[in-house]
Amino acid sequence: GAVVSQHPSRVICKSGTSVKIECRSLDFQATTMFWYRQFPKKSLMLMATSNEGSKATYEQGVEKDKFLINHASLTLSTLTVTSAHPEDSSFYICSARVGQGDSPLHFGNGTRLTVT
Amino acid sequence: QKEVEQDPGPLSVPEGAIVSLNCTYSNSAFQYFMWYRQYSRKGPELLMYTYSSGNKEDGRFTAQVDKSSKYISLFIRDSQPSDSATYLCAMSAESGGSYIPTFGRGTSLIVHP
Chain C
1 GAVVSQHPSR
11 VICKSGTSVK
21 IECRSLDFQA
31 TTMFWYRQFP
41 KKSLMLMATS
51 NEGSKATYEQ
61 GVEKDKFLIN
71 HASLTLSTLT
81 VTSAHPEDSS
91 FYICSARVGQ
101 GDSPLHFGNG
111 TRLTVT
Chain Y
1 QKEVEQDPGP
11 LSVPEGAIVS
21 LNCTYSNSAF
31 QYFMWYRQYS
41 RKGPELLMYT
51 YSSGNKEDGR
61 FTAQVDKSSK
71 YISLFIRDSQ
81 PSDSATYLCA
91 MSAESGGSYI
101 PTFGRGTSLI
111 VHP
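Residue numbers (my numbering), protein chains in the order written: chain C, 1 to 116; chain Y, 1 to 113.
Bear in mind the hints are in silico, worked out from the structure with no lab data behind them.
Please read these numbers as outputs of a predicted model, since none were measured by experiment.
Backbone N, C-alpha and C fix where the C-beta goes; we use that ideal spot for every residue, glycine too.
Among the clues, some could well be false.
Claimed, not checked - Across the chosen pairs, the derived CB separations fall in these ranges:
no.	chain 1	residue 1	chain 2	residue 2	range
1	Y	Ser98	C	Ser89	27 to 33 Å
2	Y	Ser53	C	Leu68	38 to 44 Å
3	Y	Gly9	C	Arg10	22 to 28 Å
4	C	Gly16	Y	Lys67	47 to 53 Å
Go ahead and model the full structure; you've got the sequences and the hints to work with.
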């Protein structure tokens with residue numbers, strides 16, 4: 001159980017274009033999902049908390065107009081990187097938890113974004 | 001000082017060795033402690049989840065928490081080449097009704113045949 005599916009696993013786009021990443025909870029409902037960014041040899045950096053039916057909560061320093069999050073259903077959250085630039089190239093990972101707020105997070109397999 | 005400190009390694013061991021991975025932390029409010037395994041180009045996979053001080057065992061894995069020393073460990077017995085991965089520790093405290101984990105930077109483990 002607790003499978004989180006993320007697509008695409010890899011995407012290459014040109015500078016200035018937008019990219020959408022999907023995160024689905026396959027066998028459970030997730031009112032809250034979390035989007036992380038990971039740099040090589042660095043810890044996971046929480047970007048935002050995605051709340052079903054309401055606005056996402058962004059961490060300090062994360063541009064909400066650049067990283068658009070939509071959580072339209074209990075099983076799907078999307079992250080759109082708008083007007084991507086090479087510095088946005090990174091590994092983006094979503095996660096969700098089953099049950100109570102103190103239960104651990106389960107992660108998707110990540111999306112490797114390369115902006116050329 | 002970072003909230004969670006973890007040596008990035010790499011830690012290289014022969015197959016069959018006992019591996020010890022460790023994290024220290026500074027926030028005494030942390031209540032939940034987790035270990036994740038992350039293979040290259042994949043998302044983290046939950047290995048162990050503990051609440052209190054003490055030991056928790058699951059197969060070849062043992063998680064140990066010492067809250068008084070603010071120190072957690074993950075032991076891997078009879079290590080296998082397939083255990084080669086990055087191991088992330090994580091810990092969380094209640095904040096506004098939610099528990100958002102803070103991650104270490106991960107330790108790269110290499111188990112060679």
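Hint by hint, here is what the structure shows:
1. Between Ser98 (chain Y) and Ser89 (chain C) the beta carbons are some 30 Å apart, a value that agrees with the proposed interval 27 to 33 Å.
2. Our hint of 38 to 44 Å for Ser53 (chain Y) and Leu68 (chain C) holds, since their Cβ atoms are close to 42 Å apart.
3. Between Gly9 (chain Y) and Arg10 (chain C) the beta carbon distance is about 26 Å. The supplied range of 22 to 28 Å therefore holds.
4. Distance hint for Gly16 (chain C) and Lys67 (chain Y): a CB-CB separation of about 50 Å, consistent with the stated range 47 to 53 Å.
Checked against the numbered hints given earlier, this structure breaks none of them.
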